[in-house]
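Using the hints provided, position chain B relative to the given structure of chain A.
Here are the chains, one letter per residue:
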Amino acid sequence: MSPGGTPRVVLVDDHGIFRSGVRSELGRAVEVVGEADDVAPAISLIEEVQPDVVLLDVHLPAGGGAAVVAAVRERFPEVRFLALSASDAPEDVIGVIRAGARGYVTKTIGTAELLDAIRRVASGDAVFSHRLAGFVLDAFASGGAGDAAEPVKPSFDPELDQLTTREREVLRLIAQGYTYKEIARELYISVKTVETHVSSVLRKLQLSSRHQLTRWATERRLA
Amino acid sequence: MCPPGCSGDDGSMNEPTWPPRSPEEGNFPHGPWHRGGWRQARMQRWHGRWNWQSLRRDPEDRLVGGVAAGIARCGPLNPTTARIVLIIAALFQGVAVPLYCVAWLLIPEGGSEGDVAEGTASIWSRARHDSRGIALAVAVASLLTVILLISGVFNATFLESWGWPQVVTGACLVLVWRNGSEHEQARLRRIVAPLENLGPEGTRRASMVRLGLAGVLFAAGLGFVLSSRETYAVVRPVIGVVLVIGAFVLLLGPWWLRIARDLVLERQARARAEERSDMAARVHDSVLQTLALIQRRSDDPAQVTQLARAQERELRAWLFEGRAPGSMSEVTSLVEGVRRIQQDAEARHGVPVEVVTVGDCPLNDDLGALLEAAREAVVNAAKWAQVPVISLFAEVTGQDVEVVVRDRGRGFDPAAIPGDRKGMAESIHGRMARHGGTVTVQTAIGEGTKVSLKMPLGAVRSAS
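Here the protein sequences line up with chains A and B, keeping their order.
Per numbering that gives the first Met the number 0, residue 0 is the first one in the first sequence, and the count goes up by one each step.
Per numbering that gives the first Met the number 0, residue 0 is the first one in the second sequence, and the count goes up by one each step.
No wet-lab data here; the hints were simulated from the structure.
Each statement offered as a hint is correct.
Here are the computed distance ranges between Cβ atoms for each label pair:
id, chain 1, residue 1, chain 2, residue 2, range
1, B, Gln305, A, Asp13, 34 to 44 Å
2, B, Pro361, A, Glu112, 31 to 41 Å
3, B, Arg339, A, Phe17, 29 to 39 Å
4, A, Val48, B, Pro361, 45 to 55 Å
5, B, Ala291, A, Asp13, 40 to 50 Å
6, A, Pro60, B, Glu274, 53 to 63 Å
7, A, Val48, B, Thr437, 48 to 58 Å
The beta carbon of each residue, even a glycine, is placed where N, CA and C say it ideally should be.
Here chain B stands alone, though its shape is the one from the complex:
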């Protein structure tokens, strides 16, 4: 918040208006070592860096009205610093709050990305013509005045000194509320939303009751706290504090609940999305692969029957017994898993797989995913590469496990794979990425294909 007297200042040479100089300071001649002179020079420099012409409220970087950010923008100041200064000022000097509101009313809003020229007119230029709003503002101001007069009876000096300026605040807020630009009103509604009814229309009356009750509790609590300096019992401020807390719970409770609910919902949605992509990968690896196989062998009824039966068994096991198709659940070590891939590929596709393993280690989730991706790469090679043999190489080093699937077959153009083909994207890349692994594919038409899958070992220790 800009203290009074500084706005519009052009940094005049001899009479900087802020901070106001003390009288005796002004009486001293300006020596080179003199504190006042040094300060003046510094002030000039500081003022020189402010450009008040471009003062606009910042529509992007704002917490309430964008005033603090707007002021900070005019000079060498961090918006956060401006905000902190403002909040501290507001706590100790009640005047700061209405000043902020007046600034909100008078300073026009900047355009997007701080474009000054694109800015809109100030809210006041519209509020001037809003006679109902002005009447309402006056009403609110007089209501506050009455409340303050009554509370004056309690002789609470702090409340009084802080409270009186808020009469202006109330009036300004009414005008801003009624005349702010469209998105500004929407924003205000969002800020106030927790205080209003939360859900469907039916709860409106309930929320009115809640708000009323909260108001009563708050006032009562405040009264207890403020009157406690009389020689009354010590318990009274405690009761007061409890009442005030109660008021806050009533006021903001539903809002907290909603935040908590939103968090839970968001987490559930994420879990669901992950589950879905995992399921898509599994369906692809089992059912879609088998269907493709059946199409290719449609001239051999016995083979088709056998494939269909095997797939049916696998699908049933998955749906009713929870055993994921192609899962490595019974497999406990990497080498075992690699052998399983070899056996499956040779049995299903009739392509020999040459396996070489170097080292071994127990399986964890990540390595399970690595094996499933490797299986997919082997199946792809068996289906598309048209080769007599596929090489499958697995090596456990100190830091990671690498699996290389290689064939000397047709190869392919990675850019030409249609988007709905799940194989490469989901079953290999997606799977590896989800578990923190990396994939390198080396291929070109007629050059064969080499898929290198690397998974960091993390906590798993090599068994060898």
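Chain A with its partners taken away, still in its complex shape:
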């Protein structure tokens, strides 16, 4: 983070108008250190400036935002990605999250909430939009029981394959449009605990080898 405490941000989106819109929206609250409009320029830009947060469009001309995350993440683990999407298609969202993004928000998000999300991601927390929370609940809903024809291959850590009751509660409230602060009040826990739960869900989402995750996302696309 820059000395002033404002996160250094790179914008990756193929629409110039959207980029300038976001840039002016974010104003002085963050420091926009660069913009890119496709996968390859984005990778080289990120390697060059090493920002705190990359605001990453899920759809890019040369491929998904997931490709950018996958290329950079190994070498620069301290660079965090916040996925932005207009489409809400579950396979895109799940794909970019599983590649390593720490958050997902829709492009319709308000300025204050976007700033909040950027700060959260910069400090290492996870950010779930209400839609993503719904996806995760849905993907983890079937309780680990796969089809008989296609047996479940459990993760190395079986705990990754299911959500705890508390995590489920938190996700349900996120899906209902609650902010972290409202969730904390509703469940009588601290905001920090809410963040911990969400981060834990994110970890499960990224590491679980539930075949359902990918298959579920594909099915939802077809439906």
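Chain B alone, transformed into the frame defined by chain A:
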């Protein structure tokens, strides 16, 4: 029914009068193991628990005169047990029936809730002064005597032994009929009503004919049955039974018909009431909502016209094509229904609705109602909450479907909603309750509103 000799007994130590002891039993010394002694002790205990001072006929818990319940009340006895004993006794001992009637006549009626002090005088205290009634009772008794004398010719021993005590029964019933208290007479009329004419005055003669015919059939049938022990053909009792059954059909047929008719009427009334409340909910959801919307947008003629036209189309579709307004009839799955709600709300009220669904399942009636209630909650939020966005969350779990409608708006005081506002009461609570669902509303002024609707899944299987 209390057997003779027990009433008024104060449970004397050495001579319990009931049950009467056999002579040889009384001759034995009372040893500790002796059956008679044990029995006596038990009788004493039993008698000790009876309080005959409070013997009143029970005006509340009664089938005919309230005698059985009244007696049961005096001691540790269940009224139903008393009744069963009484009926069995009446079947085998003809004396039981007139005894009951005499008790009916002599035991005063208790006040409401068995209050002894409040009780009325016995019927006999009034019947004593009813000279016409006494004359009528004597006439009935002598008529019965004549009938019994004549039937004695048939040599039917059972009928004879059972029938003679009924001479007293007849006389007592006449007195009770004439002198019973007001509500008691009304009750008797209700019991006898099926035997009388049923409807308007015009049928009175018809019912007299019917009763007469039934009487003739009954007597003839009984005659056939009773005389069959002679060496006559085997068919005769069969004819007799058929005739008796015929008499019963004639006698009670109209009564059965009326019961059946009442049942049908009641069911129709219930169906109508349900239909009406369903219709009220639908009219509210469509027409009343649109009218409210028009009032709020009265400064925008184009909008008003558009709303009015849309409402007109919807109303026509409902009235003439039977397509219920806002019905989810073409919608087949929960997610589809939720999306429809979102589209409608955004188009009509211009408030974005953020939808999140978890799982999906096919719709049934219950889930249709759930969606309609959810739509109502969304519309309420769009109209009153004054918020930029409404959250609509639907989740299918193993056992139920939950829909949560939430806004961060003004909120409201649930207690302050006027009674004629249909929205919450009928369209949401009523609808959900009728289909076995539950509603939770979390709200306070300035705190936003959260309506959680939960419908058990029952037979519907999750599609995912």
